[in-house]
Amino acid sequence: MEVKRTKGVLKRIAGPVVTAVNLDAHMYDVVKVGDEQLMGEVIKIKGEDIIIQVYEDTSGIKPGEPVENTGLSLSVELGPGLLTSIYDGIQRPLEVLVEKMGDFIERGVTAPGLSHDKKWDFKPVVKTGDMVSPGTIIGEVQETNILHKVMVPPNVEAGKIKEIKSGSFTIDDIICTLDNGAEIAMMHKWPVRIPRPFTEKLNPDIPLITGQRILDGLFPIAKGGTAAIPGPFGSGKTVTQQALAKWSDAEIVVYIGCGERGNEMTEVLTEFPELEDPKTGKPLMERTVLIANTSNMPVAAREASVYTGITIAEYFRDMGYDVSLMADSTSRWAEAMREISSRLEEMPGEEGYPAYLAARLSEFYERAGRVHTLNKDYGSVTVIGAVSPPGGDFSEPVTQNTLRIVKCFWALDAKLSQRRHFPAINWLNSYSLYLDTLSQYYDEKVSPEWNPLRTWAMEVLQKEAELQEIVQLVGSDALPDEEQITIEVARMLREIFLQQNAFDAVDTYCDMTKQFDILKAIKFYSDQAYAALKTGVMTAQITGLKAKNDLPQIKYVKEYKPEIEGIVKAMESEFTKLREAA
Amino acid sequence: MKEYRTISQVAGPLVFVEKTEPVGYQELVNLVLADGTEKRGQVLDTSDEIVVVQVFETTTGIGKDTGVRFTGETIKMPVGKDMLGRILSGAGKPKDGGPDIVPEKRLEITGAAINPWARGSPRQFIQTGISTIDLTNTLVRGQKLPIFSGSGLPHNEIALQIARQAKVPGSDEEFAVVFAAMGITKEEENQFMAEFERTGALEHAVVFLNLADDPAVERIITPRLALTTAEYLAFELGYHVLVILTDMTNYCEALRQIGAAREEVPGRRGYPGYMYTDLASLYERAGIIKGKKGSVTQLSILTMPGDDITHPIPDLSGYITEGQIVVNRDLHRKGIYPPINVLPSLSRLMNLGIGKGFTREDHKKVSDQLYAGYAEGVDLRGLVAIVGKDALSERDRGFLEFAEMFENRFVRQGKDEDRTIDESLDLGWDLLKDIPEEQLVRIDRELIQKYHPKYRKKAE
Ligand SMILES: Nc1ncnc2c1ncn2[C@@H]1O[C@H](COP(=O)(O)OP(=O)(O)O)[C@@H](O)[C@H]1O
Ligand SMILES: [Mg+2]
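Quick note, the sequences are listed as chains B and L, same order. According to the working numbering, the first sequence is numbered sequentially starting from 177. According to the working numbering, the second sequence is numbered sequentially starting from 955.
Fair warning: there could be bad hints in the mix.
[What the hints assert, rightly or not] Here are a few chain B residues that face chain L, going by a calculated C-beta distance under 7 Å:
#1 Arg181
#2 Lys183
#3 Arg188
#4 Lys365
#5 Pro367
#6 Asn472
#7 Ser564
Please keep in mind that the hints were generated in silico from the structure rather than gathered at the bench. Since this is a predicted model, take the numbers as computed values, not measurements. C-beta: ideal position from N, C-alpha, C; glycine also.
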């Protein structure tokens, strides 16, 4: 390109996609569209035509209006001030937008992602003369209860520190200069579509403890792992994602509401500040960044929202934190791609999705992982994506393409949610490919009994499924005694262990010890039951054991230890009596 | 205003105009036919070469001799307090012989998205007097809760009963109803209008009517007019507004028709790929705003083609709305009114508006237990059909019986029967008392001790 034409004109407007001419541009350049300077991004170049997706409503824009190329890529601002924020898909703080334009989102208003006036207390951790390179942590800011680590940005060349300051600064103030002339501030920008660099990816062998029994117990996810939660509407995708955002033992949480409900984001905003992290006792909001591009906000910004989210997640990972990212819902993101693609009149692939759907999905999930950071710390990004298959049919392209990538599959089932079995995760279809890599952790950190217990529980549930098929034909009374007991034990596993009420103040979070104790108590009943049967006790007496009726109540009790011990003792003595009478 | 006579093509509801000066996207267009009739449309695609206009009425009579005027502004609607009590067409023109609306404001009908930061959380319990809603699928102010029904089922009766009985216990704030009909029959119209007049609701209502024989494409703007009105009444005048949109299925059909005329690549079952986003631009226009008095609560009705809840219209709706009330044909055949099947029904905002300080502390757990019991009973019906009742265990027979009782005593109620939430809860307990206590695993012990009829009797 010879003369750089940074100002062009609009030729065509059709919804969120517009065409400009007389403009020089590269893919993904950010442009200002029309008299109102709406923000857009170049997504296709076709001869003279520069095709742009616009992040704001394009009503009223006319051909002939100007278009200006900023020459920059779509980027996020990274620095102190991210935590507790709520952004739209292109990192405009929603709180600032309310101040600038009121309760409804009008267009044409820009707002930077971070406050450029606020001062933060910066404490250096390196000194003049130290050699630093990209990713080196040079100082710290107490952002919330989280320590924000200020790094040498990845695109700055290594060098020796010439000067480093200490004190109160804005994010734009230069706090450090290197001998190579580089000037470093607390904030830097990073293009959202480019993964941030790290030294190496590590094997994910530490579980992300979620406090959700069915997940930790049966289908665990590793820190730095990937999981998909597909399910029809109303089956529990959002509640599960929110439970993970609340209770999982990540240090930072990025929650993306991508093309979903406005009220759900409000709920997070009102609820999180009041909840405490069970580990640190600090308000959950202090470790959280929210991105809300709801279903009625512009689709192009919805497309961008997942990239904005994952870039922020990677940034905290680079500080050495364990980050978990929830995207609710990746299907709405895929649909945004489809909508834009069809406006581009691209060749549609399966069900109208663009042919690059699979590639985009895997590029996104590939940004998860446990890594050795550039600073040689350990950090991780765990990615958990909700999937909303049309009609609840898992054979559709987004679910299928996601399944090929992710390592945990938590399949939600409308049959279960309709009977209010929550979380409605189907224990027969779901899986985790992390079981093997995590087993050592459970052995060492929970109990050597944990892995066998898990296997046992899974076997009982599978056996029950087989038996249920027979019951459907002949009724449960026709089953042999032993199998009636299996059915009873499986019911206990389902009702006591698997079911977990996200809205009960106690049951919403269950630590590993309690999970272990509950499983052990059920296994105890099971062992005693089969033994009793052998000594001639009647099945009805075993399944009707009084003491076990108190077991479900354990879930709602915080200091449950004395109670569960009491129940186990009571079961034991009741069994002893039965055996003696037999 | 310049008038063009450069129409190059007419296809279905679309008109293609050439050689215009720059025209804005979504601009309102007036078309003047040779005989002087005027029609309205909106710009869907604009470029130097061609402008595509979607006409809101039939394109009958439109030809090369039709004059096209671009108004230079997007579609706006005059709103004012005197709209209450008025009946308007699906395009917003007076239909009751009254004067034009005196506009206090002219508002953009597309409506901007409420900033999630500005939203307040909807948690004020609305008592509809219907047990299957109040107890098991609670509606709260600012919620969007549609009725998923099928053709020939009494969804209109249910909607009317809700509109008639709905109240926030202990509150006497100003309320209004905005009713928008899209493609409903004359008979249905009469049913609604007669009821509004009988109960005096019309005084507090604004009615938009697009009937079955009105132009289908007009249906694209009818709900937008209604919601713009609702937002005005709620957020500028402080009313608590109940919006009834019926039938969303007709709206979606109109959307499909336009997509087909534009030769777009269709999505699932021929509906446009952007139908989710489009529906969201309607359904999301509900809620409450921090620091503002009013609220917009949406109760839309849609008929599921072939009673199929996985059909794109209910499916995409359910993905956006905050739950759904599902009307069921089998219950209707059994003569049960209201034939609401609670199992696939859901109110997502229920947890916010119930419990201690809102309704009653046992509300959630009683609801969960009723669901679990009914679901189990319904499952067993399938088994009984194969193996007979005798093959069931005693436990199973109990649940089978429970399901019957649930339908006949809890679901079934009169068209004018207005149950308080306490009555519904007590009724729930009365059914639960026949289940052995240790099987009530969804309810904690303290609540059982406090509310189970067995213990209550003793206490009394
Ligand atoms: N773990 C849970 N505990 C209790 N209720 C749940 C749980 N998960 C889901 N629910 C219920 O199911 C409803 C729908 O869940 P939600 O996560 O919003 O579904 P989805 O996002 O799949 O549409 C919630 O409003 C809630 O009533
Ligand atoms: Mg959801």
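Hints, verified against the model:
| no. | hint | in the structure |
| --- | --- | --- |
| 1 | Arg181 | 18 Å, violated |
| 2 | Lys183 | 17 Å, violated |
| 3 | Arg188 | 3 Å, holds |
| 4 | Lys365 | 24 Å, violated |
| 5 | Pro367 | 26 Å, violated |
| 6 | Asn472 | 4 Å, holds |
| 7 | Ser564 | 6 Å, holds |
Figure legend: structure checked against the earlier numbered hints; hints not met, in rising order: 1, 2, 4 and 5.
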